[in-house]
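K.L.:
Chain by chain, the residues run as shown.
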Amino acid sequence: DTGVSQNPRHKITKRGQNVTFRCDPISEHNRLYWYRQTLGQGPEFLTYFQNEAQLEKSRLLSDRFSAERPKGSFSTLEIQRTEQGDSAMYLCASSSNSPLHFGNGTRLTVT
Amino acid sequence: DQQVKQNSPSLSVQEGRISILNCDYTNSMFDYFLWYKKYPAEGPTFLISISSIKDKNEDGRFTVFLNKSAKHLSLHIVPSQPGDSAVYFCAASFGSARQLTFGSGTQLTVLP
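These protein sequences, in sequence, are chains W and B. Going by the numbering used here, the first sequence opens with residue 5, and the numbers climb by one from there. Going by the numbering used here, the second sequence opens with residue -18, and the numbers climb by one from there.
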């Protein structure tokens, strides 16, 4: 399978804990995106990388959120001091002058 | 401020009939529009797109129409099949980053 891979699929954590998600994009894709989706809403843009450079961040991305893409390959999204409002589906997508290809997401539940 | 709006949360159609899903946008900078389909527990899957220089794009049973003056686009599925039952998201983008702004989705149910 050469699609976008996200791990873990599900994460349950207690409020105040830190969590980290991983995304492995399609190998030849140089662009990588993170989105967040809550119930009844469409995905909302969080941040975008071209190769290893983080070029754009949404104002939705508070200081508790940080994303990296070392060496322009896989990416990680870390949320520090999680809050109940962080509960959502976190989607990763990749592209290379093509429509975005999405992974199946990581569902985060903060209790 | 919702820049891409899908005002119908749900739509039911009979198998074999036409499904029409609608989408409105407010940002005149958008120059590329897409439709994605999403099944439960999966990520969105690209369906069809249209550039702002066109008013129609067709791919098999799927046709997207763009009316720039009305800032409106629609997705036609004909004939509809039960396997088309999913949530459909309209999305729009502009600029080189191509990051997408999504609508809130329409749940399509095709009844056998």
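For the record, the hints were derived by calculation from the structure and aren't laboratory data. Just to be clear, a hint being listed does not mean it is correct.
Unchecked claim - Simulated crosslink set (BS3-like; lysine-lysine; CA at most 30 Å straight-line):
{"id": "1", "chain 1": "W", "residue 1": "Lys15", "chain 2": "W", "residue 2": "Lys61"}
{"id": "2", "chain 1": "W", "residue 1": "Lys61", "chain 2": "W", "residue 2": "Lys75"}
{"id": "3", "chain 1": "B", "residue 1": "Lys(-14)", "chain 2": "B", "residue 2": "Lys52"}
{"id": "4", "chain 1": "B", "residue 1": "Lys52", "chain 2": "W", "residue 2": "Lys18"}
{"id": "5", "chain 1": "B", "residue 1": "Lys(-14)", "chain 2": "W", "residue 2": "Lys61"}
{"id": "6", "chain 1": "W", "residue 1": "Lys61", "chain 2": "B", "residue 2": "Lys52"}
{"id": "7", "chain 1": "B", "residue 1": "Lys49", "chain 2": "B", "residue 2": "Lys35"}
{"id": "8", "chain 1": "B", "residue 1": "Lys35", "chain 2": "B", "residue 2": "Lys52"}
{"id": "9", "chain 1": "B", "residue 1": "Lys37", "chain 2": "B", "residue 2": "Lys49"}
Said to hold, decoys possible - Here's a subset of chain B near chain W, in silico, CB distances under 7 Å, partners left out:
{"id": "10", "residue": "Asp12"}
{"id": "11", "residue": "Leu15"}
{"id": "12", "residue": "Tyr20"}
{"id": "13", "residue": "Pro25"}
{"id": "14", "residue": "Ser30"}
{"id": "15", "residue": "Gly64"}
{"id": "16", "residue": "Ser66"}
{"id": "17", "residue": "Phe70"}
{"id": "18", "residue": "Phe75"}
{"id": "19", "residue": "Gly76"}
{"id": "20", "residue": "Gly84"}
{"id": "21", "residue": "Ser85"}
As the list claims (entries may be wrong) - Some residues of chain B that are not near chain W, with every Cβ distance over 12 Å (derived):
{"id": "22", "residue": "Gln(-13)"}
{"id": "23", "residue": "Met10"}
{"id": "24", "residue": "Lys19"}
{"id": "25", "residue": "Glu39"}
{"id": "26", "residue": "Gly41"}
{"id": "27", "residue": "Asn48"}
{"id": "28", "residue": "Ser50"}
{"id": "29", "residue": "Val68"}
{"id": "30", "residue": "Arg79"}
{"id": "31", "residue": "Leu81"}
{"id": "32", "residue": "Gln88"}
{"id": "33", "residue": "Pro93"}
Heads up, the beta-carbon is just placed ideally off N, CA and C, and yes, glycines get one too.
K.L.:
Going by Cβ atoms, does Ser50/B stay more than 12 Å from chain W at every point?
P.N.:
holds, 24 Å
K.L.:
Next item in the hint list is Gly64/B. Is there a CB on chain W closer than 7 Å to its CB?
P.N.:
The hint is violated - Gly64/B has no Cβ within 7 Å of chain W, the shortest such distance being about 19 Å.
K.L.:
Using Cβ atoms and 12 Å as the threshold, tell me whether Leu81/B really stays out of contact range of chain W.
P.N.:
violated, 6 Å
K.L.:
Hint validation: Ser66/B versus chain W, beta carbon distance must be below 7 Å. Holds or violated?
P.N.:
violated, 18 Å
K.L.:
With chain W as the partner, please determine if Leu15/B meets the hint condition of a C-beta pair closer than 7 Å.
P.N.:
Check passed: Cβ of Leu15/B comes within 6 Å of chain W, closer than 7 Å.
K.L.:
Run the C-beta distances from Gln(-13)/B to all of chain W and say if the shortest one exceeds 12 Å.
P.N.:
violated, 8 Å
K.L.:
Given the proposed pairing of Lys(-14)/B with Lys61/W, does the C-alpha separation stay at or below 30 Å?
P.N.:
The hint holds at about 22 Å.
K.L.:
Verify the interface restraint on Gly76/B: the C-beta must sit less than 7 Å from at least one C-beta of chain W.
P.N.:
This interface hint is violated because 9 Å lies over the 7 Å limit.
K.L.:
If you take the shortest Cβ to Cβ gap from Phe75/B to chain W, is it below 7 Å?
P.N.:
Since the shortest Cβ distance to chain W is 13 Å, the answer is violated.
K.L.:
Does the interface hint hold: is Tyr20/B within less than 7 Å of chain W, judged Cβ to Cβ?
P.N.:
violated, 10 Å
K.L.:
Quick check on the hint: Gly84/B CB to chain W CB, less than 7 Å?
P.N.:
holds, 5 Å
K.L.:
Is Lys15/W close enough to Lys61/W, meaning Cα to Cα at most 30 Å?
P.N.:
holds, 24 Å
Comparing the model with each numbered hint stated earlier shows that hints 4, 10, 12, 15, 16, 18, 19, 22, 24, 29, 30, 31 and 32 do not hold.
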